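*Asks:* If you want the building blocks of each chain, they are given just below.
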Amino acid sequence: MMIWSDTNTDPETFYSCHCTSTTCRERCGHEIVDVLLHEQADKDPAVIDALLDLKFALTHRNDVEEILRVFCQLRGRLEKRYYLAFYRLRRWLENQLEVRVSPGRGYASQVFPINLEARTFAGITGSIRAAAQESNAVFSQSDSLMIEFDFRTPSAASPSLLA
Amino acid sequence: MTDSKGKTQTHSRIAEGLNQVLADTYAVMALTHHAHWNVEGDGFFALHAAFEEQYTNLFQASDEIAERVRTLGAYASGGLKTLAKLADMAELEAPVPQKDYVAALVEANEKVAANIRKVKELASKEGDTETEDMLVARLQYHEKTLWMLKSYLK
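Residue numbers (my numbering), protein chains in the order written: chain A, 2 to 164; chain B, -10 to 143.
The hints are simulated quantities; they were obtained by calculation from the structure and are not laboratory data. Small disclaimer: the values here were computed from a predicted structure and weren't measured. It is possible that some hints are incorrect.
Under the rule of at most 25 Å between Cα atoms (straight-line distance), these lysine-lysine pairs were calculated in the DSS-like manner [stated by the list, open to error]: (1) Lys114(B) with Lys74(B); (2) Lys81(A) with Lys107(B); (3) Lys81(A) with Lys70(B); (4) Lys139(B) with Lys107(B); (5) Lys114(B) with Lys(-4)(B); (6) Lys44(A) with Lys74(B); (7) Lys107(B) with Lys(-4)(B); (8) Lys56(A) with Lys81(A); (9) Lys81(A) with Lys139(B); (10) Lys107(B) with Lys143(B); (11) Lys139(B) with Lys88(B); (12) Lys81(A) with Lys(-4)(B); (13) Lys44(A) with Lys56(A); (14) Lys44(A) with Lys81(A); (15) Lys70(B) with Lys139(B); (16) Lys133(B) with Lys107(B); (17) Lys44(A) with Lys70(B); (18) Lys114(B) with Lys70(B).
Can you make the complete structure from the sequences, with help from the hints?
*Replies:* Structure representation (structure tokens):
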């Protein structure tokens, strides 16, 4: 739920998100990026450009690698000041994205959840590779796993009792 | 409400909302207890103690909310599986960074507060001042907790 207030300009308090894996709203991440953009309006142009890149990539949903790369870049720049916003973005991306891993082109792939604890794109793919190799003997024998990111297929959200 | 049937229906809707608040409160208590056990790092002593205060308050509140449900003539939800399903809170798997425990508890407390506001409004509309009074106190508690948790993240 997005809560806006004209008098409160603290980004950690004027929005909130109650997403879980079953009730994750598609727009939530976009709204957090909008709030961060609003906050950065008179600050570093490079950060504003990166936020606009993230907004563009999230809107078009066709390049998840780019989304993750820009997210990691922004996290490195802004997380210290906006920890909660980046925590929410991480959780949202983990709910919205998935990764398909296969031993190579033409092989059957397996879907894995994404964990965004790693702070760089290389770290994220490294943790996915490690998880895949740990879970599947075929993957553990491959030196060059194919990793493809995508948005999850939308599933019906559970209706809240008090909605 | 003047007739007994209407009053029963009103109480039933308020009790249903209170059962949601009960499940939320119990879930936040469990999440806070989990954070109390597993948090580590520089702020350990402060967070460990703060989380203990919080889950103790939430445990006592669960009892108060459940007893209000019974007072309204309904039955209180119970059992870990039932409460977890009703609350549908995101859970953390330890270990996570210290600030992630705090951020997760911010989200959990926000969810409880949002549901408390809805039930408080319903109770107010239906003239159930006793339930409303209890929920005002609960809302004050969660708002204060949110202020503290968010302050830690800055």
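*Asks:* Need the status of pair Lys107(B), Lys(-4)(B): alpha-carbon distance at most 25 Å?
*Replies:* holds (19 Å)
*Asks:* Take the C-alpha atoms of Lys81(A) and Lys107(B), compute the straight-line distance between them, and say whether it is at most 25 Å.
*Replies:* violated (34 Å)
*Asks:* Would you mind confirming whether the straight-line C-alpha gap from Lys70(B) to Lys139(B) stays at or under 25 Å?
*Replies:* violated (30 Å)
*Asks:* For the pair supplied as a hint, Lys139(B) and Lys107(B), confirm whether the alpha-carbon distance does not exceed 25 Å.
*Replies:* OK: Lys139(B) and Lys107(B) at ~23 Å, within 25 Å.
*Asks:* Has the given pair, Lys133(B) with Lys107(B), been kept, meaning a C-alpha gap of at most 25 Å?
*Replies:* holds (18 Å)
*Asks:* What's the verdict on Lys114(B) and Lys70(B), does the C-alpha distance respect the 25 Å limit or exceed it?
*Replies:* violated (32 Å)
*Asks:* Holds or violated: Lys44(A) with Lys81(A), Cα cutoff 25 Å?
*Replies:* holds (16 Å)
*Asks:* With a cut-off of 25 Å on the C-alpha distance, tell me whether Lys81(A) and Lys(-4)(B) pass.
*Replies:* Answer violated: Lys81(A) to Lys(-4)(B) is near 52 Å, above 25 Å.
*Asks:* Hey, Lys44(A) versus Lys56(A), does the alpha-carbon distance stay inside 25 Å?
*Replies:* Holds, at roughly 17 Å.
*Asks:* Between the alpha carbons of Lys81(A) and Lys139(B), is the straight-line distance 25 Å or under?
*Replies:* Given pair Lys81(A), Lys139(B) holds - Cα atoms ~13 Å apart, limit 25 Å.
*Asks:* Does the alpha-carbon distance linking Lys44(A) and Lys74(B) stay inside the 25 Å limit?
*Replies:* violated (44 Å)
*Asks:* Keeping to a limit of 25 Å between CA atoms, is the pair of Lys44(A) and Lys70(B) held or broken?
*Replies:* violated (48 Å)
Hints 1, 2, 3, 6, 10, 12, 15, 17 and 18 from the earlier list are contradicted by this structure; the remaining hints agree with it.
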